[in-house]
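Residue 4 is where the sequence shown starts when you use the working numbering, and the numbers rise one by one after that.
Treat the hints with caution; some may be incorrect.
[To be verified] Listed next, the in silico BS3-like pairs over lysine-lysine satisfying Cα-Cα at most 27 Å (straight line):
| no. | residue 1 | residue 2 |
| --- | --- | --- |
| 1 | K41 | K558 |
| 2 | K558 | K47 |
| 3 | K514 | K88 |
| 4 | K39 | K558 |
Simulated from the structure, these hints should not be mistaken for lab results.
None of the values given here were measured: they were computed from a predicted structure.
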Amino acid sequence: MVRLHANRFLLPFLAIAAMMMGCEWKEPVLPAWETKIKIPLYEKFVMGEELGNDSLVIRPNPNDPDSLLFLSIEDSLDFFSLSLKDLSVSVDDSTGSVRLDTLEIDSLNATVDLSGETVFPGISNRVGQTVVLPDTVMGPLEFTANSADFESITFLSGDVHLRVTNRLPLTIGANSVSAEGLRVRIFTDGLQQEVFADILFSEEIPPGETRDAVVNVTDKTLQAPVDLEALVPLHAGQFLVTEDLLQTMGVGIEVILENIRADELTGRLPAQYYEDVTQIGYDDDLRLREAIVDSGSIAIEFRNHVDIASLVDLEIPALVDRITGLPYQTSIQLDAAGSGTILLSIENYRVSNPNLPGSLLDSLELRINGQTLETGEFVTVSGDDSLEFSVVADTFYFSEFSGRIANEIVEIDPVEVNDIIDYGNFDGDLTLSDAILQLTVFSEIQIDDLSGDIEIVALHRENGVATDSATLVLNNQAINGGSTENPGITLITLQGQEVVEMLNILPTDIKFRGEVGLSGEASVSIGNRIWADYVFDTPLRARLEGITPFEADLKTLDEDNLVDVVQESADENILGVALTFELTNQTPLGGELVFALTSDPADTNLFDAPIDTALGFTRSLTLTPAPSDPTSGFVTTPRVETVNLGLSRREIRFFTTPPLFYSLQLRVADTDGQVAIRSFDFVETSGNIELRLRVDDNE
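Using the sequences and the accompanying hints, generate a full structural model.
This is the structure:
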């Protein structure tokens, strides 16, 4: 046996423990990384706004109407938006009926048992005797078969299935007396004047066996109890008459009417099925391809002219539930000779062509499927019995519509804009040599042909009384279609004497009225709008000298970024700050753009020298004039320049003490000669302050 000593195993662990006691544990060191923060800067100087506030530049000069005149009138207005009444169809009322038509019945039965006494009259008196018979024919035997299924039926077509069971002690079949086998005639009624069916059994029917024969019957009537006549040929033989034999002997006959197509029945009617498809039309102004119903209803009244209750299922395949994706389905149960109404509320249903998706829908298809209900009672029903219905539909209003619109005219409600401009103390005649009306029309209506007839009336009012007016008319102006997310834009520019005369009256109010024509393929929704921005403009042509600088409002830098990251960083962790400006100059003016940063929002001398360097700093950007057309003097292409500026370490330190504020000042240089400035000419700067930071979570 080997003995294990505990100390041999303890020694290694003790050694490891001793080494660990001599070690020093330290916190993990996380790596530092560099990140960037961009703080956006933006400002825009629009000449129409800036120069319009300078009374030294904007003044009338009757000797040179173009030199120092500037007038700009602009606003936005809604022409119209599509309403429910614009996207609606009037659905036609209709009536119809569904006949039961041919009654289809699987089977009706009538049965009878011919006793031995009926076949062999007096046989009951011969108990204990042996009866010997040669070949013979019994009959004609007349008898009646009762039915629990019907009283009368008018056959259009069907099979008469006769089933005979031989319980006689002799074989039934052709013999030396009769070359024919068993023959059974069925009469239409008790008068026995018309044969309903004549059935011959060519096969022999031995004792205890059953044989079947079938004949087809058309256009006959049968009444119950059913009258029958039979000729029963028997083969020669003998048999002992006993009481037991008398109890069982006879001939069983079952009349089975099968595969029946009938015109009328008095009896127990199994369920009958009938169907009809009817079309509901609508007006021709709209042809639907697909639409969402905002509101609308259809009332369908049913009148049951059948003497039995019916269950009616209704389906409109073109109306689809937007949630389930299933066509509109409902049902109603009608009492025998009763009536009822289904009210279909189709709000939020989608209308589309179920047979040819994407094709225009000419009408709504109503599928009516009816089923008579079995009662177990005798009823009288004819194929001429019918279900009548009448459809009364409300107007369908759509929230969305795609399809074809045929020459729809939508009136623009008159719009009047009052007090469009304050002319101040100017009192005198205004004579312009040139003027521009620019209409920018926006359309959310997507349609092939969209056009407008617009009348613009300018009024000059004094103390509320119109003293002068001028009118401009736009006829059949094409308008580009669009969508809610991407409206179509149509730019209409009018320039000439009519526009000049309109501005010469110094308009105080403007009226817009007219109509919009819609036609062709369209895809629109309720609320789709057509609106416009309009600008009446006369260009400023002047020699500019001593223009007061234009100063933007003081703005706060993105304080969240500064406070969250920059303020927590040590000064040495701000690796650098860069200023980036993209200058867009759409004016013929030069000069400089001054950027100022300050920590004192109350500093009123932000752009005045000398700058208090303890509070902030400034940077100047050169502004170069944009190229101009030599004839008109108007800017042809905006000049775009990018300027990158670095900052000193002293300037960088400002960013560690937010909040900080900035502004820009546009200093326009004197022009060598006359320049042409429009109200929408502008100087714009967009850029950012980019801070490079070292982030060290271990500090």
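Original post:
Taking 27 Å as the top limit, are the C-alpha atoms of K39 and K558 close enough?
Top reply: Measuring from Cα to Cα gives roughly 22 Å; hence the hint holds.
Restraint status (C-alpha distance of K514 to K88 at most 27 Å) = holds (25 Å)
Between K41 and K558, does the CA-CA distance stay at or below 27 Å?
holds (16 Å)
Distance restraint between K558 and K47, which requires alpha-carbon spacing of 27 Å or less:
holds (13 Å)
Consistency note: the structure conflicts with none of the earlier hints.
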